[in-house]
Amino acid sequence: MKPANFARILALSLALSGYSAWLLTARERPAPPAPTEPWAVADVPLLHADEAEALWHQSSTLFVDVRSPFDYQVGHIAGAVNLPEEEMEARLPSLLPRMEQAGAVVVYCKSVDCGKSLWAALRLRQHGLTQTKIYPGGWNEWSNRGLPAVRSPI
Amino acid sequence: MSGPTADCPPCARPFRRLVGRVCRYALGAFFLIAAVSKITDLHGFRDYLTVQVGLAPSPAFVVAAVLPWLELVCGLCLVSGMASREAAALTAALLVVFIVFGQLHHVESDCGCALWPAKLSPPPGRLWLLGRNLLLLACACLLSARPSPN
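Note that the protein sequences, when read in sequence, are chains A and B.
Numbering follows this note's numbering, with no gaps: position 101 of the first sequence is 101.
Numbering follows this note's numbering, with no gaps: position 137 of the second sequence is 137.
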């Protein structure tokens, strides 16, 4: 192997990465499309299942599961982080940097009958996370539709 | 003249050359696809690093700026046969980083197929990703250890 070839590969990569750096700093992130029929409670947008799925496919979206750690371990939306409503104040500081970077924070719990997602969403908005939304259908609807999920092998 | 090629039985040399070429093209194609999928959506890749992986903004910016092009250049070198041993060594180093990081921070919504931002449903398991990366690492090590590229 020749050190000169290593240097050439790395130098070329770094030179091209200057274009990426310019692109990432100079160009604005494209704004997400506005919902056609706003559906909200207490100014927190609510999502239908297809809207939640569309947001799931965006890398800037973070799903937050406010159910208990046991329920989360049994099964949760793929990529979702667990933030039990009862432990929010303790766990939120470690998750806040990721949430602040997110384009959308989607909070969900078990189903439409569960009110935890609303309380959690309101508290997240109080922390300045105005991009918080609620997925009322929750884990039950997501799972029944066969959407991407992680389940415990047990 | 001594060396791995000279000591190899004549009947095995075409097989070794074939294995070498398959490894080179497979590894090169994988990294080319991975690179192009990231380059076409750099903002999304950076969002993936900050939101899904949990990297801090500054390291995520550096990784998002450098990694796609490093993958692209290594992929082109492997496919073209130019500086392929050096490119294979660099891809081996990248794969070691991916394997270690993947074991420490498994991202559930990652398709794992390097066709970012595509997402598979259901998401692949850790073992599948580990197996794939180990196989690619074996190809990269084989290529970097060969006496001359074919």
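In case anyone wonders, no lab produced these hints; they're calculated from the structure.
We put the beta carbon where it would ideally sit given N, CA and C, even for glycine.
One or more hints might be untrue.
Quick list of simulated restraints, FRET-style, between CB atoms [as the list claims (entries may be wrong)]:
{"#": "1", "chain 1": "A", "residue 1": "A11", "chain 2": "B", "residue 2": "T40", "range": "45 to 55 Å"}
{"#": "2", "chain 1": "B", "residue 1": "V36", "chain 2": "A", "residue 2": "A90", "range": "38 to 48 Å"}
{"#": "3", "chain 1": "A", "residue 1": "Q126", "chain 2": "B", "residue 2": "M82", "range": "29 to 39 Å"}
{"#": "4", "chain 1": "A", "residue 1": "A49", "chain 2": "B", "residue 2": "P59", "range": "30 to 40 Å"}
{"#": "5", "chain 1": "B", "residue 1": "V19", "chain 2": "A", "residue 2": "S152", "range": "35 to 45 Å"}
{"#": "6", "chain 1": "B", "residue 1": "G81", "chain 2": "A", "residue 2": "W22", "range": "24 to 34 Å"}
{"#": "7", "chain 1": "A", "residue 1": "V112", "chain 2": "B", "residue 2": "I33", "range": "18 to 28 Å"}
{"#": "8", "chain 1": "B", "residue 1": "A145", "chain 2": "A", "residue 2": "V112", "range": "56 to 66 Å"}
{"#": "9", "chain 1": "A", "residue 1": "A90", "chain 2": "B", "residue 2": "V19", "range": "46 to 56 Å"}
{"#": "10", "chain 1": "A", "residue 1": "E51", "chain 2": "B", "residue 2": "P59", "range": "29 to 39 Å"}
{"#": "11", "chain 1": "A", "residue 1": "A15", "chain 2": "B", "residue 2": "L134", "range": "24 to 34 Å"}
{"#": "12", "chain 1": "B", "residue 1": "L134", "chain 2": "A", "residue 2": "R91", "range": "12 to 22 Å"}
These are the hints, each one checked on the structure:
no.	hint	result
1	A:A11 x B:T40: 45 to 55 Å	violated (24 Å)
2	B:V36 x A:A90: 38 to 48 Å	holds (43 Å)
3	A:Q126 x B:M82: 29 to 39 Å	violated (57 Å)
4	A:A49 x B:P59: 30 to 40 Å	holds (35 Å)
5	B:V19 x A:S152: 35 to 45 Å	holds (40 Å)
6	B:G81 x A:W22: 24 to 34 Å	holds (32 Å)
7	A:V112 x B:I33: 18 to 28 Å	violated (41 Å)
8	B:A145 x A:V112: 56 to 66 Å	holds (59 Å)
9	A:A90 x B:V19: 46 to 56 Å	holds (54 Å)
10	A:E51 x B:P59: 29 to 39 Å	holds (32 Å)
11	A:A15 x B:L134: 24 to 34 Å	holds (32 Å)
12	B:L134 x A:R91: 12 to 22 Å	violated (34 Å)
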